[in-house]
Structures are given as structure tokens and as C-alpha cells.
Amino acid sequence: MSFAAELVISLLLLLGGLFILIGSFGLLRLKDLYVRLHAPTKATTLGLGGVLGGSMVYMFDLQGYATIKEILITVFLVITAPVTAHILAKVAMHHQVKTMGRTRNDELVKRAREQLPPHDDDEQEEDAKDKSNS
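Going by the working numbering, the letters in the sequence shown line up with residues 5 to 138, in that order.
Keep in mind that the hints were calculated from the coordinates and are not lab data. Treat the hints with care, since some could be wrong.
For lysine to aspartate or glutamate, the following EDC-like pairs were computed, each having C-alpha atoms within a straight-line distance of at most 20 Å [claimed, not checked]:
(1) Lys46 - Asp36
(2) Lys94 - Glu118
(3) Lys46 - Glu74
(4) Lys102 - Glu118
(5) Lys102 - Asp36
(6) Lys94 - Glu111
(7) Lys94 - Glu10
(8) Lys114 - Asp36
Model the full structure from these sequences, guided by the hints.
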């Protein structure tokens, strides 16, 4: 294995490990659920991207061709981490999980909690006609 490949692999692994470590500290240190969601979704996704990037370079140097496994894992993580964080934040918002005292825009949080799912106007008209005919 060449020195350049070893250097790139080492840098990617160290960078990935650093991001994962920062994400772990953020998960422990941050006080609010909404703020805590940023640590695992942002930093850890970047960290795993670095580790998987190092794995891709290693396998390319070892085998002489790129495999798609690491790329698929990276794409899966990049797609699923933000979606999972969004769902967790939405559930926490509807269950009225308290925010930090320093949270600004409390009126926006209250307004978001009051929102109802959208209704189709045609369905409402049909429901009103059905009720009047009964």
C-alpha cells in the first residue's frame, strides 16, 4: 500500500472519528431534546461519512476497483438520519416536550403545536352535503 493511500485513509478515519466524538459529546452536553437532535444527525453523519470514505479508499487500493457497498451505506445514512430527526422532533412537539428556558420564538412553537392536518375543500363540502341529507 502506498504512503499516499495510507495518509488519505488515516486522515479520513481521524476526521470521521473526531466528528463522531463531537456528536457524542453534543448528545451528552446539550440540554434540550430539540437541540440534542442536531448532534447525532449532523456530526455523526459526517463522521460516518469520513469512516466510510476511508473504507472506500482502502478497498479501492486493496482490490483495484471501487465497491458500491460503502456508497450505498453512505447514501442510506444521509437519507435516513435527517428524516428520523424530523420525525422525532415532530413527535416531541406534539407531545409538548418542554424547551429550554432560553428558547426564543415560543410563540412559533405554540402556533406549530396548534396546527391541524390540512383538509381538502371538496371533502369538507361532501361531508356537509352528507350531513344535510341525513
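Non-conforming hints, listed in increasing numerical order
Checked against the structure, the only hint that fails is number 7, while the rest are satisfied.
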